[in-house]
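Based on the sequences and whatever the hints tell you, model everything.
The chain contents come next:
Number of protein chains: 2
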Amino acid sequence: MNETPRIRLYVEAPLAAGATVPADAGQVHYLKNVMRRGAGDNVLLFNGLDGEWRAEIAELGRRNGQYKVAEQTREQSDDGAGPWLLFAPVKRKETDLIIEKATELGASVIWPVITRHTNSERVRIDRLQTIAREAAEQCGRLGLPELKQPAPLMDALADWPTDSPGNSPGNSPGGRRLLVMDETGGGRPLVELAAQIAQEKGGDAAILIGPEGGFAEVELDALANLPFVIRAGLGGRTLRAETAVIAALACWQAIAGDWRQ
Amino acid sequence: MNETPRIRLYVEAPLAAGATVPADAGQVHYLKNVMRRGAGDNVLLFNGLDGEWRAEIAELGRRNGQYKVAEQTREQSDDGAGPWLLFAPVKRKETDLIIEKATELGASVIWPVITRHTNSERVRIDRLQTIAREAAEQCGRLGLPELKQPAPLMDALADWPTDSPGNSPGNSPGGRRLLVMDETGGGRPLVELAAQIAQEKGGDAAILIGPEGGFAEVELDALANLPFVIRAGLGGRTLRAETAVIAALACWQAIAGDWRQ
Chain A
3 MNETPRIRLY
13 VEAPLAAGAT
23 VPADAGQVHY
33 LKNVMRRGAG
43 DNVLLFNGLD
53 GEWRAEIAEL
63 GRRNGQYKVA
73 EQTREQSDDG
83 AGPWLLFAPV
93 KRKETDLIIE
103 KATELGASVI
113 WPVITRHTNS
123 ERVRIDRLQT
133 IAREAAEQCG
143 RLGLPELKQP
153 APLMDALADW
163 PTDSPGNSPG
173 NSPGGRRLLV
183 MDETGGGRPL
193 VELAAQIAQE
203 KGGDAAILIG
213 PEGGFAEVEL
223 DALANLPFVI
233 RAGLGGRTLR
243 AETAVIAALA
253 CWQAIAGDWR
263 Q
Chain B
3 MNETPRIRLY
13 VEAPLAAGAT
23 VPADAGQVHY
33 LKNVMRRGAG
43 DNVLLFNGLD
53 GEWRAEIAEL
63 GRRNGQYKVA
73 EQTREQSDDG
83 AGPWLLFAPV
93 KRKETDLIIE
103 KATELGASVI
113 WPVITRHTNS
123 ERVRIDRLQT
133 IAREAAEQCG
143 RLGLPELKQP
153 APLMDALADW
163 PTDSPGNSPG
173 NSPGGRRLLV
183 MDETGGGRPL
193 VELAAQIAQE
203 KGGDAAILIG
213 PEGGFAEVEL
223 DALANLPFVI
233 RAGLGGRTLR
243 AETAVIAALA
253 CWQAIAGDWR
263 Q
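For the record, the sequence lines run as chains A and B.
Under the working numbering, the first residue of the first sequence carries the number 3, and numbering increases by one thereafter.
Under the working numbering, the first residue of the second sequence carries the number 3, and numbering increases by one thereafter.
What you were told as hints is all true, and nothing was included just to trick you.
Remember, identical chains collapse to one label, so a pair may be satisfied in a single copy or spanning two.
Below, computed lysine-lysine pairings styled on DSS-like, alpha-carbon distance capped at 30 Å: (1) LYS93 with LYS34; (2) LYS150 with LYS203; (3) LYS70 with LYS34; (4) LYS95 with LYS34; (5) LYS95 with LYS150.
Simulated from the structure, these hints should not be mistaken for laboratory data.
Owing to the predicted nature of the structure, the values given are computational and were not obtained by experimental measurement.
Printed below as a string of C-alpha cells:
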C-alpha cells in the first residue's frame, strides 16, 4: 500500500466512488512487470471527464485487471481551454517529442498539417496517441489532447472555427486566432500578441509551426489573406521546429493561458 | 558557388578580410562527404569575437583544409548577455537535448550541477561541447555558450557572482539572480519575475532546474537562505526537466532577454 500513489493512469470508463473499472492489457503489464504492483496497491485514475480518483488495484490477471475506485482527489478542470497546436510533421524522433511536450504544456488540440515543403514519414496517429496518453499520465493532466487526423494545411484553414461563441464583436475577427510562427523575423513578439489576445473575449488561439523548409509562396499568400491569422516571432535565432513548438506553447501559457495564477 | 551560403561553421582563428583560416578534420569531412562542397564554395564563419564572415573554401585536402575569408556579413553582438542555465544532469538523451536547446535559446553559460538526488551517468563535457557547437552553427548564434565543468550545487552557490558591476544599490541583492524552478507550485510565475528583473540595473539571471527527484531538504534550506535566490513557477503541471529548461529559457528571453525587439 502506498500512502501517496504516484502512478497515474488514463481510463475510458466512468469514475465514481465504488465503481469497478477495467485495466487494459498494457496497464496490467506496466503495473505488474514494470512497477511491481499488485492487488491492494493504489493508483490514480482520470478519464478526461470525472476528475482524478484514487483507486485500488482489485485484481491483476494475466491480461486483464480491475480497479476499485475509492475517492476523488481532484475535480475536473477545463483542459479544453488550452491552445491548439498545428505543426508540419518533421522526422519521427522530433515529431514524437512535439507530441509529448505539447501534451505536457497543455495543448488541447494537436493537429499535424501537411504543407508543400513537408518532407516527413507517414504520421501514425495511433502511435502519437500513445505518446500523448503517457505524457498526460506523467504530467498530471486531467484529460488527453485531441489528436486530429493529418490534413493539408489549406483544408485546415478552410474549416477554421471563426464562429465560436466567444467571438468579440466589432472589427476583431471572431473565433480562434492562428498565430503563425514566422522565421523571417517579420512577426510581432509572441508574448505581446498573447497579452493582447488574452484581453479579448474568448481569447482562444492556435499556434502554427511551419516546416523546416519554410512555407511555400502560395501558402504565405493564403495565410496573409485570412483575417484570423497573425504572424508572430520568437526572437532572432533560427529555432528548430520542436524548439519553436515548446517555446511558443510555454510563452502562450505563461502570458495568456493556465500558467497565470 | 552558392549565392546564399547556408553552411555556418565555428572556427577558433581570428576572422578578417583576406585572412586564411584552417578547417579542422571534422569540418573537412562534413564539407566534402556530407555536404558535397569543394574549393570555391562559400561558407559562413564565426568565432565568438569577430562577427560572421563569408569565406570561400580555398582547399579541402584529405584531413586538412583552408578557408579564405571574404567580407563580414554580421557584426559581433553580445551573446554573453544571455541567461545562465544550471541544471541537474538527467539521462544522456535528455541531457543532450538540454544542451542543444539551451544553445538555440541563447543561454550564455551552461553549468551542470550535481545535487543530492542527481542520478545520472557521468557528464562528458567534450561531447556536450560538440552538441553546443553544432547547435550554435545551426541557429545563427555568433558565439558558443560557455560550458562549465560539473560542480556540486553547493559549490556553485558558494562561488555565486554577487558583485557584478551591474549591481543595483539599496535592498536588491547585487549580482545575478538565481531563479529556482519550483515544482511544488510555491514559486511566483516566471514571467512576472522576469519582467521585474528586466527593469533592474544589470538584470542578469540564471535559471536552475533541479533533479527529477526534487531537491533534498538540506538543499532547499540552503537555497532559501541565499539573498540572490528566487523561487519561480511554470504552471501547475509536472514538467520533465528538459521541458522545464526550454520553457523557462523561452519565457525569460521573451520577457527579459533578446527576443524583445
